[in-house]
Amino acid sequence: MASPPVLPKLVGERVKRREDPRLIQGRATYVDDLKIAGMQHLAFKRSDVAHGRIRSIDVSAAEAMNGVEAVLTGAQIAEMLAPMPIGTPFPSPPHRAVAMDVVRYAGEPVAVVVASNRYTARDAADAIVVDIDPLPVVVDPEAAMTGQPTVIHPDFPNNLAVALVPSGTGVTPDGKVDDTAIDKAFADAEVVISQRMMNQRLVPNAIEPRGVVAHYEPGKGSMTIWSSTQNPHILRTMIAAMTGLGQDQVRAIAPEVGGGFGAKINIYGEEYVAAAISKRLGIPVKWVEDRSEAFVATTHGRDIIGYVDIAAMRTGKVLGLKLRLIADIGAYNMLLTAAIPTLTMLMANGTYAIPAIRTTLTEVFTNKTPTDAYRGAGRPEATYFLERAMDMLARELQMDPGELRRRNFIAPDAFPYATQMGAVYDSGDYGKALDLALEASGWKDLVVERDAARKDGRLVGLGLAMYVEVCGLGPSSSLPTGGWEHSQVTIERDGRISATTGASPHGQGNETTFAQMLADQFSVPIEHITIHHGDTGVVKQGIGTFGSRSQAVGGTALHLAGGKVKAKMARFAAALLEAHEDDIVFENGRIGVKGSPASARTFAEVAGYAYVPVPLPPGLEPGLSEGAFFEPANNTYPFGCHISMLEIDRETGEPKLLKLVAVDDAGHLINPLIVEGQIHGGLAQGIGQAMVEEAVYNDDGQLLTGSFMDYALPRATDFPRFELHATVTPTPVNPLGAKGVGEAGTLGSTPSIVNAAVDALSQFGVTHIDMMLRPEKLWRIIQGGQA
Amino acid sequence: MIPTTFEYARATSLGDALQKLKAAGEGGRLIAGGHSLVPLMKLRLSEPQVLIDISRIPGLSGIDEHDGRIIIGAATVHHDVASSAVLQARCPAVAEAAASIGDPQVRNRGTIGGSVAHADPSADMPAVLLALDAEIHIEGPDGGRVVTASDFFLDLFTVDMRADEIIASVQFTPVRSAAYAKLYQRASHYAIVGVAASLDVSGGAIASARIGVTGATSHARRLINVERALAGQPLSTATIESAAQLAGLELDEVNADIHASAEYRRAMVQVFTRRALSAAMARS
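Protein chains in written order, with the working numbering: chain R, 317 to 1103; chain U, 26 to 309.
Just so you know, the hints here were simulated from the structure itself, not pulled from any lab data. Glycine residues also receive a C-beta, built at the ideal position from the N, C-alpha and C atoms. Each hint should be verified, as a subset may be incorrect.
Here are a few chain R residues that face chain U, going by a calculated C-beta distance under 7 angstroms [unchecked claim]:
| no. | residue |
| --- | --- |
| 1 | SER432 |
| 2 | TYR435 |
| 3 | LYS972 |
| 4 | LEU974 |
| 5 | LYS975 |
| 6 | MET1025 |
| 7 | GLU1092 |
So here's chain U without its partners, still in its complex pose:
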């Protein structure tokens, strides 16, 4: 890669990173796996003056479970999420989404925090975090705050974060009956359409459901009408079939590119909503 000149600083703690980020001002950018940022720098579409490396901050990587909540450090690489025994057992949707990202090289460098902060419209992880009602834990100069995934993803590459903030972790209550299904873009292995579905099942009925979709619109979002159609219904293939029919209808502006038209994407939202729901049901 032949980027423009930049300075590089390795942060030793979250506080150190915050301070370096503040000191760098507008020219500062965080780097962890670099799998979104470096390609942009290579093309000189991004020309940061200072890179602050947060990949080796102690405690920023790793997967823990506390009081029934899963905590994934922001600098945890996709491979570790994909291969986590805890996640595979307790919340397999997250592991399978991570396993579907890019290729082994990408999964061994790219991080969950980077994926979430970058908010690529086709990234896999945002859909899953929406379906799990995950929290994004953010640290800033004035302390920490928590944003739910539903409020976090705002627009194309736009999230509820200020330039001087850092994601510390994502946290959620694990759901066994959740799944992620995606249509691969064959070059990048991003999602043409990816759907995560999470079911709260009680006594043979769906108490509530959450659906996150990526790839279809400017940013990952929930399919509220499908969720409503599922709530309170008996858990059955027929329920899923009928609810999935609604998927995609509520999306007004659907992405189109050389890989897939808007019409096709909209149709695939239905297909993959049904597939994700079926897989989630199978886990219930």
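Here chain R stands alone, though its shape is the one from the complex:
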């Protein structure tokens, strides 16, 4: 008998995503694909004005339409739903799923239609007549802070959602502030760089807009809710709380989810309304967002002003950093809104040992769509402000930008490193990442190339940025939801493996990476493994996928659960083989005794025995299914260095990205192919922010970039071939040594590109350019310089 082929080790290999065939062949099931008998459809009537008092809503024409089941206004929804809760410990104004008296942004729901199909629902929504008395509108956060021309929420004077929270050196946990150290840093400095920087508002734009199906079954008294969400378990918790059901009575399912980018963490009014209406009417209801709605009704990202002051000696040694943040959070606090800018504070010092740091944060209400997490969520902002300031400092000191950074790095032997901002960096070697980026990009040659191009009159620039981010979110002290993940690994009777994860993927490829891990752990073919996720009826516990936590936290829970069930399986095998369990080895789809391969049983034989255990080995229960929770003791802190080369058309101001080299250190990698895909996506969005993306409002609070005709997403043709490299600095906070990589691409790329643009235009005397790099903006700099 020929021996079976030896199973290759899969962890660390470039295994193709198992998810992709169904996704690219149109065989996946998204929320909008779901059909349930008797299902009705919702459409929301939304406010056209950004701020106003609702005088009247006439629903009579809508109600009279054929096929319309019900039309509900804010007052009727309020009978079913309390104001929406948030997930941060900050004070928050009441936020109704459907506005009652006052609308505060264009796109806020004012009524909802229940109808027999989506077209009728939309027709009826259009037939609702809403009379709104306009109130003054404020879209500029720095104007809003004066309380003029309007106060959006009466209990929040000057529109301040969060006011001046100081943090950093000299600030004690009870809020006492001692300025001695920070003042001394700036007094001692030979150079001080000060700059106001805008980190502009972005629209997340997942390829699949949001959608929800809520199905309350009156006979059973239970609710099933399907939603395009990043975190079905949080959805279950919130839906239960808002509808008065127990968590045992709500099953939340995230079917295939077509991207989230942070905007599908929040639990939205439309989800609560669908659940409440289904429960009230006893029928299933569906709502699917259209793209125009997604632009105004799904949370936006970023939109934060940073006033940066950096104090340094002429040697390049940085003495102090002040960062005053003003975040425009839009009209309401959503689930994590208020917490996002606190991550900007947390990561203020980046990869540098800076003796004195002071940050303050103001969060301001304006008449715009609320903000919340967007890929990177607070960390790209911190990286951008710091890396732009470091670049300005290097230019002022006429120092090589890499060398300036090197002189300020946290030393590789200083980890774990407690920052003044309250973070404890787990591990790092920033000099190594910088060195690799300089070498891989051929930085010295690029400088020569740039200078030669300039001699020919071309505007070519080079930019470099370091980053460190906080990922692998946990422990529970840092997350109101709990900072753990859960996994259940089951060896089925036929020897196949079912595993669950609470880290609900929406593009991260966990079905592949997690199966790779189990295939190695049990030495079975990857084809014998199924990873279940996204269904609270199947996945008993979980938190969700955000903050680049799937692998570091969810992957570890899986690894631990796998270990538990493997140990039990070894005991069954030991009984079957009359050996000691310590001598049992899992090899190549078989389980045997060390040193005597001939006696080995197939994996399926041992599994079958565990379910029909005659005789039952002493001290064992039947079956092979074990669960594990994993809560890390700390976050992880991946880091890297991104280098860009950019050319600006002298006549038109159009920027073209010529080169992008990314060195990312995410610790140990399970699947480099998937990691690179994650980095590619992050780079695309980081480049998008630097070069083409910007949500623009007019003074009336209307989103002028409300469609893809005016809001640009970068296209593949806008990119050079990304050059990716990695250093590997494992984290000690989980046994996998994996740090997380989903957001990394958005951190270093953005400032590296703007640094390159400033470099390209430095001959015109410019030291800072706010994003996006709009051609006209660059053209004006060139014109001004020539004048």
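Following the hints, put chain U in place on chain R, whose structure we already have.
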């Protein structure tokens, strides 16, 4: 897309389309690629009662050459124009303009007739048709008529057509020494400014020139003063440089939006006029 209710009818011939259009009255709209109309319907800015689909009318698509004239059927999609070997060889400006429209999806659905009839102020094709002195061949209830591109584009989304008429084709004499250059609006890939230049070169001199510009004003138009400045001059970089200086000066009301101010657009008209002329010269 969730539009208002409409009826849909597929026309089998141009005559059938004309009859259906007449029968539909004011609520009737033609649809071919739908890449201008459908977005408007999606936003309910356009609520036609009857859509008459002309995309599959035999003979309405395709690129032919007869007696030295190029004939492009109105329902020809941009991709076919962009990839036409005849156009690439004989009149590359048209092919390159078509290749610059939108993205592959748009180019595989959108049609030249639709682009011309819709007359978006930033559409690419009108500028090229102006530069080529193209004819728009129109069919109506009372028979056919021909309008030159110069007379066809009247104002914002306004052309010399009645509601009961259909474009059958665009026709022009191919010019090898013509080119199209554009500044892309990064979201839509429409032109912030697009300039098409066509040169009639004889014995090292420019006998005549035609320039069409889009994106800058309410509708595509010619740059007459640049054309005059070029006529009769020796074909040279210096001629082009000096003529391009005049581009944009004659435009009194220049568009402004979030993507580009009027001042910038005006400056870009000069830049892209020079680029289009240089490319045209290189082909002469």
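Here's how the hints hold up against the structure:
| no. | hint | result |
| --- | --- | --- |
| 1 | SER432 | violated (14 angstroms) |
| 2 | TYR435 | holds (6 angstroms) |
| 3 | LYS972 | violated (12 angstroms) |
| 4 | LEU974 | violated (17 angstroms) |
| 5 | LYS975 | violated (20 angstroms) |
| 6 | MET1025 | holds (5 angstroms) |
| 7 | GLU1092 | holds (4 angstroms) |
Comparing the model with each earlier hint shows violations of hints 1, 3, 4, 5; every other hint is respected.
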